[in-house]
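Peer 1: Now for the letters of each chain:
Number of protein chains: 2
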Amino acid sequence: MDKLTKKFRSRGHRITQSRLAITDILSRTDKPLTVSEIRRSLSQRKVTVDKVTVYRELTFLVREGIAGEVDFGEGAKRFESADRDHHHVVCVNCRRVEDVVLRHDIAAEERRIAQKKGFTITHHALEFFGLCASCR
Amino acid sequence: MDKLTKKFRSRGHRITQSRLAITDILSRTDKPLTVSEIRRSLSQRKVTVDKVTVYRELTFLVREGIAGEVDFGEGAKRFESADRDHHHVVCVNCRRVEDVVLRHDIAAEERRIAQKKGFTITHHALEFFGLCASCR
DNA sequence: TGACTGATGCAACTTAGTTGCATTATGATG
DNA sequence: CATCATAATGCAACTAAGTTGCATCAGTCA
Numbered sequence: 001m002d003k004l005t006k007k008f009r010s011r012g013h014r015i016t017q018s019r020l021a022i023t024d025i026l027s028r029t030d031k032p033l034t035v036s037e038i039r040r041s042l043s044q045r046k047v048t049v050d051k052v053t054v055y056r057e058l059t060f061l062v063r064e065g066i067a068g069e070v071d072f073g074e075g076a077k078r079f080e081s082a083d084r085d086h087h088h089v090v091c092v093n094c095r096r097v098e099d100v101v102l103r104h105d106i107a108a109e110e111r112r113i114a115q116k117k118g119f120t121i122t123h124h125a126l127e128f129f130g131l132c133a134s135c136r
Numbered sequence: 001m002d003k004l005t006k007k008f009r010s011r012g013h014r015i016t017q018s019r020l021a022i023t024d025i026l027s028r029t030d031k032p033l034t035v036s037e038i039r040r041s042l043s044q045r046k047v048t049v050d051k052v053t054v055y056r057e058l059t060f061l062v063r064e065g066i067a068g069e070v071d072f073g074e075g076a077k078r079f080e081s082a083d084r085d086h087h088h089v090v091c092v093n094c095r096r097v098e099d100v101v102l103r104h105d106i107a108a109e110e111r112r113i114a115q116k117k118g119f120t121i122t123h124h125a126l127e128f129f130g131l132c133a134s135c136r
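Top to bottom, those sequences are chains A and B.
Following my numbering, the numbering of the first sequence begins with 1 at its first residue and continues without gaps.
Following my numbering, the numbering of the second sequence begins with 1 at its first residue and continues without gaps.
FYI, nobody ran anything at the bench for these hints, they're computed from the structure.
Just so you know, these numbers come straight off a predicted model, no measurement behind them.
C-beta: ideal position from N, C-alpha, C; glycine also.
A couple of the hints might just be wrong.
As the list claims (entries may be wrong) - Computed spacing ranges between beta-carbons, pair by pair:
hint	chain 1	residue 1	chain 2	residue 2	range
1	A	D50	B	L20	46 to 52 angstroms
2	B	S10	A	K116	40 to 46 angstroms
3	A	V47	B	S134	42 to 48 angstroms
4	A	V47	B	D2	55 to 61 angstroms
5	A	T59	B	R28	45 to 51 angstroms
6	A	I15	B	Y55	40 to 46 angstroms
7	B	D50	A	K3	51 to 57 angstroms
8	B	R84	A	Q17	31 to 37 angstroms
9	A	K116	B	E69	46 to 52 angstroms
10	A	V35	B	S36	37 to 43 angstroms
11	A	K46	B	T48	51 to 57 angstroms
12	B	G12	A	S27	48 to 54 angstroms
13	B	H13	A	S27	45 to 51 angstroms
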């Protein structure tokens, strides 16, 4: 029994077809996916899952720390595996996405802001936008 | 005739009641506003403006560089005056927003990424989330 | 004071995301 | 292996964000 299965079962959660399929889709993609992209991918695999279930599953995976949520300001959230700490560069023309690992330590900036503003900072969102080599 | 009026007229744009009211609302607020907040503010001023007009006006103001668009991942975009270069800390509980001016030069990071990824980077989005002093 | 055309309102629409409720099925237990 | 509690699901109906087409209105310039 793999690690994830164990984690789920120990918390009273079940291993279902949709859960397996959605986590698998997220783990295989190299860019964050919207709900409609995930649904398209599910139907390609002949897995029938209602959209409500997809939303609920994603909420669940984010809460469990298995998936991460990003927002490129497109009017729909995107989801990806949460295993890496990175940001993205998005081509505003072709929507190509590449991962970016910052050189600078944002955590230090967060501590400074927390100190100055009296906030407890839990997370941040940082995405870069522009044109990729082929769209330029 | 003020500077903005001049700018508008020179480009063939007109000074209308909605345009004046919306730019005024944005200039007076200390936090970015959603379309529905702007509409609420408009009706408080007894200015009747259709929601379509508000959307079109905001698109216009962003295109003209007068307003800026931010997205806190709430499912609705927010708009603010575009005069300052800053980011935000958002309290996830009470939605209080404070401006943040970064100490670190993001532009340098952008240049590094552009170089490495072959992108031309035009802009970025950076927001911090957490709990404010009173919500903690 | 026209007339050109930018701005507006209305209706109708698309799409993202949510909620309530009845039903199904996973997996722990005896 | 059968049972059962409840996690997960599907469906229908809904809310809210944002968009489009088109006829009409109203700033602005000459």
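Peer 1: Does each hint fit the structure? Answer for all of them.
Peer 2: Going through the hints against the structure:
no.	hint	result
1	D50(A) - L20(B): 46 to 52 angstroms	holds, 47 angstroms
2	S10(B) - K116(A): 40 to 46 angstroms	holds, 41 angstroms
3	V47(A) - S134(B): 42 to 48 angstroms	holds, 46 angstroms
4	V47(A) - D2(B): 55 to 61 angstroms	holds, 60 angstroms
5	T59(A) - R28(B): 45 to 51 angstroms	violated, 37 angstroms
6	I15(A) - Y55(B): 40 to 46 angstroms	holds, 44 angstroms
7	D50(B) - K3(A): 51 to 57 angstroms	holds, 54 angstroms
8	R84(B) - Q17(A): 31 to 37 angstroms	violated, 50 angstroms
9	K116(A) - E69(B): 46 to 52 angstroms	violated, 25 angstroms
10	V35(A) - S36(B): 37 to 43 angstroms	violated, 23 angstroms
11	K46(A) - T48(B): 51 to 57 angstroms	holds, 52 angstroms
12	G12(B) - S27(A): 48 to 54 angstroms	holds, 52 angstroms
13	H13(B) - S27(A): 45 to 51 angstroms	holds, 50 angstroms
Hints 5, 8, 9 and 10 from the earlier list are contradicted by this structure; the remaining hints agree with it.
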